[in-house]
Structures are given as C-alpha cells and as structure tokens.
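**Student:** Hey, can you work out the whole structure from these sequences and the hints?
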Amino acid sequence: MATDTQLDLWEVFIQGRNGSHHMHAGSVHASDKKMALQNARDIYTRRGEGSSIWVVPANSIVASNPDDADMFFDPADDKVYRHPTFYVMPEGAKQI
Amino acid sequence: MSSNTAPAIEDARLSKFEERVQKGDAIEPRDWMPEAYRKHLIRQISQHAHSEVIGMQPEGNWITRAPSIRAKQILLAKIQDEGGHGLYLYSAAETLGISREEMIEQLQTGKAKYSNIFNYPTLTWADIGAIGWLVDGAAIVNQVSLQRTSYGPYSRAMVRICKEESFHQRQGYEIMAMMMKGTPEQREMAQDAMNRWWWPSLMMFGPHDSDSPHSSDAFRWKIKRHSNDELRTKFIDKTVQQAEVIGLTIPDPELKWNEATGHYDHGEINWDEFYRVIQGNGQCNKQRIAHHKKAHNDGAWVRAAAEAYKVKQAVKNN
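Protein chains in written order, with our numbering: chain A, 231 to 326; chain B, 18 to 335.
Incorrect hints may have been included.
Unchecked claim - Take a look, some chain B residues computed to stay more than 12 Å from chain A by CB distance:
id : residue
1  : 86
2  : 107
3  : 133
4  : 140
5  : 194
6  : 259
7  : 274
8  : 296
To be verified - Straight-line C-alpha distance at most 20 Å; calculated SDA-like pairs for lysine to any residue:
id : chain 1 : residue 1 : chain 2 : residue 2
9  : B       : 311       : B       : 77
10 : A       : 263       : B       : 324
11 : B       : 180       : A       : 279
12 : B       : 180       : A       : 264
13 : B       : 239       : B       : 257
14 : B       : 239       : B       : 123
15 : B       : 327       : A       : 237
16 : A       : 263       : B       : 329
17 : A       : 264       : B       : 330
18 : B       : 56        : B       : 236
19 : B       : 89        : A       : 276
20 : A       : 264       : B       : 57
Hints listed in this document are in silico derivations from the structure and should not be mistaken for laboratory results. Ideal Cβ positions, reconstructed from N, Cα and C, are used throughout, including at glycine.
**Tutor:** Spelled out as structure tokens, the structure:
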C-alpha cells in the first residue's frame, strides 16, 4: 500500500446571504474543485449558513507577513485626514 | 528555527508574544510563537479532534436500532456534526504545521489520546440520551470556555462548534425526559445510564487542579481560561437541577449544596479508574482504534482513486 494521502488543502469562503461578503469559514481537504465544493457544503453549511461558497487552493493564497505588519501598514498611520472626523464643521451646519 | 536565533532576539520575541497574549490579542498561524505553545496546542487540538471522530463510534452503534425514524434522523445528523467538528479541529491543528496524516498516525499508534469517555460502551438506547445530555453537556462547558482561547483558529473552531452543540445536549435530555415518562423498565433504563455515565462525565474535565500536569503554561498563554475543577463545578451546578426536573437521581450520595461556596460539593472521583482507562484498559479502547484503522484502510482506495482522477484531469486540461 502506498503512503497515505489526505488530499489537498482548500480554503473555504461562504456568503451568508445574497448581498453580503464572502467570509473565510475554514478549510477542507479535497482532490479537485468539485470535491472541495461538496465537502465545503457538507462541512460548513449543514444549517443553511450559506447561499454561495468559494473554494480556493490554499497554496494559491498570498498573505502579508505578520513580522512586516508595522512597516507594511505604516503608510496609513499618519493620514488622519482620510477620516471624516478630522474636519472641523461650522457651528450649526446640519446633515453633514 | 529557534535554535539558530540569538538568545537575545528569542527573549525579545517571547516577551512581545506574552505581552500580546496578556492584552487579549489573538495569535494567528503565521505569528511568531514559542515552541512550547505550538506543541501544547497541537497536542490539545489534535486530541480534541480525535475525540470528536472517535465519539462517532459509540453513537453509531445505535443508528440501526434507533426507536423511530425521527430518532434515527436526529442521531444521524448529530453524528455527522461530530465528524464535522473533528474536521474543523484537524484544520485548526494543521495551521500549526502538523499534517493530517501525522495526526491520524499518532491516533492509531496511541501516541495521541482522545477523550476517555468514548472507551465506555453504549449498552442501551438510554445511553444515547446520557451521551447527549451529560457527555456533550460536559463538553459544552469546556468548549464555551475555549471560545476565548488565545489561538485564533482554535477559538474560531470552538465558536462554530458551540453553536452546534446545544442541539446535541437538548436532544439527549429529551430522550432522557421521554424515557422517564415511560414504563418502569424505561425509567430504570434511564437511571442505569445515568449511573454509568455520571462519573466518567465528571472525569472528562481531567485531573484535579492540584494534579494537572499541563496547566501552568496553558494559563499563562491563555490557551486555557478556566481550571479543570472550575469547569467541573460549573457542569455539576447546571446538571443537578436538570436531573431533578425529570426525576433522575445523581449517583453520588455525597453530592450536596454548599451554602458557603454557592456550588455543589461532590464525592471522591475514582481516579484509579480514570488512569486505568487512559492507559488503554477501558472496556472499548482496543475496539475503538481497531475500528478507526479498519475504516481508514477500507477508504484508502477511494483516496487513491480521487488522486488518480486529479492527475488524469490535469493531463487532459493541459
């Protein structure tokens, strides 16, 4: 008997209902995309949790490195003027 | 990895890690973490996953003998949930760098444990009620606490599992309640299941805090949030009233309400039995692992066929 295989790793993203974002739900093992979708359905939507599923081979995901997070996200740190609360509104102005 | 790093850098990383954990930050798979944290989690999460999967066996024993179609549908759904819980947890453990193949091997060779409770047999239909109500009830107390564990993927798996477990406990309690409204034989059967499952359920929380070998790091790193004894007490406090409502007697003559602590005091747990079962000498240890190996080996051709199909499709599409 050849060495055991537990098939490939896929990441699962589920849209709870139409109009919402697909959110990461977890992972499944499967040998191809059809099996990955079916396994994701059986494992993550047994109680109607989803209206749509995406499955992505785990090795296709590119992720930022947590060690570089400070540097990587630094450009956003000193730009408070990107937030609406930065601006001083004239006294008495409404609906702005 | 860490052996090549200068000790000063290592110390700095450790204190940064501990600071984050103290602040209540979740640790994610690609964050730096101490090796002992990684090892502790792999041991705990894989043991938890194995428990879910092995736990399918004692319940599976009653699928073909469930007393009604309704009961059979419910039991099938519950067992399918347990399989799903095992898969969430295996995935969480895999993010720490152990493969599913390794975990299965560790289970089958006895290197990894699973919850002792599943080494007890399910002799009557009332045992299915007792497992849902008591065993899942005890598991929920533990899992609710683990929803706030410091490792992100483990915590997320626990949140998902807790949502599903309350159905398990309620269906078990319903079985017990129904039997207690039945014939004298059915009531006796329910009480007998209670008598056999009560003490092993208390043992599920593990040794007393004073004898618990893995707990100090686990608390410092917020893997565990409550001690074994705290959780056990919480379970007893909830369950006593539920037993009273349906007329079941808890098989502990020393069980009594303690006005001063606001909790129940319970009699001595038989730890000799606990360690005897852990060491492989429970009623079903051999059967559980033998069955797991058989199912695993019987399914090998399916996995091989799926792999062969994948290769063939890849050739066809190129």
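**Student:** Looking back at the hints listed earlier, which ones does the structure fail to meet?
**Tutor:** 2, 12, 13, 14, 20
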